[in-house]
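Enquirer: Sequence:
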Amino acid sequence: MFDLTRRTLLSASLALGAVLAAALPAAAQQKSIKVGVMSGAEEEVAQVVKKVAAGKGLDVELVPFSDYALVNEALERGDLDANAFQHKPYLDAQIAARGYKIVPVGFTFVQPIGLYSTKVKSVADLPKGAKIGIPNDPSNGGRALNLLAQEGVIKLKEGKGLSPSLLDIAENPKNVQFSELDAAQLPRALPDLDAAVINTDHALNGGLDIRKDTIAVEKREGNPYANFVAARQGEENRPEIKTFVESYQSPEVAKFLEERFNGAIIPAW
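In my numbering, the protein residues as written are 385 to 653.
Keep in mind that the hints are not guaranteed to be accurate.
[Unchecked claim] Derived DEER-like restraints, expressed as beta-carbon distance ranges:
{"#": "1", "residue 1": "563", "residue 2": "606", "range": "23 to 33 Å"}
{"#": "2", "residue 1": "508", "residue 2": "619", "range": "26 to 36 Å"}
{"#": "3", "residue 1": "439", "residue 2": "520", "range": "18 to 28 Å"}
{"#": "4", "residue 1": "441", "residue 2": "520", "range": "26 to 36 Å"}
{"#": "5", "residue 1": "643", "residue 2": "557", "range": "36 to 46 Å"}
{"#": "6", "residue 1": "638", "residue 2": "563", "range": "28 to 38 Å"}
{"#": "7", "residue 1": "606", "residue 2": "450", "range": "27 to 37 Å"}
{"#": "8", "residue 1": "572", "residue 2": "461", "range": "39 to 49 Å"}
{"#": "9", "residue 1": "534", "residue 2": "563", "range": "18 to 28 Å"}
{"#": "10", "residue 1": "543", "residue 2": "604", "range": "20 to 30 Å"}
{"#": "11", "residue 1": "557", "residue 2": "416", "range": "35 to 45 Å"}
[As the list claims (entries may be wrong)] Heads up, simulated DSS-like pairs for lysine-lysine below, C-alpha to C-alpha not over 30 Å straight-line:
{"#": "12", "residue 1": "558", "residue 2": "505"}
{"#": "13", "residue 1": "512", "residue 2": "603"}
{"#": "14", "residue 1": "639", "residue 2": "472"}
{"#": "15", "residue 1": "505", "residue 2": "603"}
{"#": "16", "residue 1": "541", "residue 2": "472"}
What the hints contain is simulated information worked out from the structure, not anything from laboratory work.
For clarity, every value in this text was computed on a predicted model and none was experimentally measured.
Virtual Cβ for every residue (Gly too), placed ideally from N, Cα, C.
Input sequences plus hints: build the corresponding full structure.
Expert: Structure (structure tokens):
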């Protein structure tokens, strides 16, 4: 009789526990997620996202990187659940080069890229033979060349889209000399150059101001370089990842971007 009663109570307890678990909100049942971000300004934004996600029952572990090339590798390898650092042209180039099975999940923000200079006050002031630094990765290098073409510094061959290379320069009236450098090195190299096209996150990390230190800035309207949260293909519908995206696309994050970066980083959702 005692054993039967004990078994009955145990079964009832387990059943009750299952009912209570099912009754909990989905966010309360979620565990944690590990997300790769770039250190510096992007990590600052992600810290706000982390707080918003905590209110939704999701624990976010942020993993900061200083090298773009390592973040998708870590996601593909399974060291991360998601990352939030890149735009579509960059991911497309990485997939073409390395075959990653990574997909965009939800937009985060846009960081208009700028042409920075400590030596001249306008594009027109760039001297003949000017030395201009650009990122050495294909997507951001192409982005830099498109900005220079937008400003009339060079002319590109027709039909090169978002990823032209130095070989696609059709006209170079100022005989610009290009230095292809790792994106993170460009702020440090700026004093040795006449100008450099620098990604906003690296510019901010290098103490540059997009409003004061640029002589040209990428157009914001219709900008194809919106960043997004990315996940491994087949895992983009995981509840944790969806909650992270919802936390990013929140009024709290939009307010932080406006107050902290004054237009240097703007919402893309």
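Enquirer: Now tell me, hint by hint, if it's right for this structure.
Expert: Results of checking the hints against the structure:
1. Roughly 29 Å separates the CB atoms of residue 563 and residue 606, a value that falls within the hinted 23 to 33 Å.
2. Under the hint 26 to 36 Å, the C-beta atoms of residue 508 and residue 619, about 50 Å apart, miss the expected range.
3. In this structure, residue 439 and residue 520 break the distance hint of 18 to 28 Å, their C-beta atoms being roughly 40 Å apart.
4. A hinted range of 26 to 36 Å is violated for the C-beta pair residue 441 and residue 520, which are about 42 Å apart.
5. The beta-carbon spacing between residue 643 and residue 557, approximately 42 Å, falls within the hinted interval of 36 to 46 Å.
6. Distance hint check: the CB atoms of residue 638 and residue 563 are about 36 Å apart, consistent with the given range 28 to 38 Å.
7. Range check, residue 606 to residue 450: Cβ separation about 30 Å, and the 27 to 37 Å hint holds.
8. Taken as a hint, the range 39 to 49 Å is violated for the pair residue 572 and residue 461, whose Cβ atoms sit roughly 30 Å apart.
9. The supplied range of 18 to 28 Å is met by residue 534 and residue 563, whose beta-carbon atoms lie about 20 Å from each other.
10. Between residue 543 and residue 604 the beta carbons are some 24 Å apart, a value that agrees with the proposed interval 20 to 30 Å.
11. Between residue 557 and residue 416 the Cβ separation comes to about 55 Å, which falls outside the hinted range of 35 to 45 Å.
12. For the proposed pair residue 558 and residue 505, the alpha carbon gap of about 17 Å is at most 30 Å, so the pair holds.
13. Straight-line distance between C-alpha atoms of residue 512 and residue 603 comes to about 26 Å, which keeps the hinted pair within the 30 Å bound.
14. Taking the CA atoms of residue 639 and residue 472, the gap is about 25 Å. The hint holds against a cut of 30 Å.
15. For the hint pairing residue 505 with residue 603, the CA-to-CA distance comes to about 19 Å; that is within 30 Å, so the pair holds.
16. Annotation: proposed proximity of residue 541 to residue 472 holds, straight-line Cα distance about 22 Å (limit 30 Å).
Checked against the numbered hints given earlier, this structure breaks hints 2, 3, 4, 8, 11; the rest are met.
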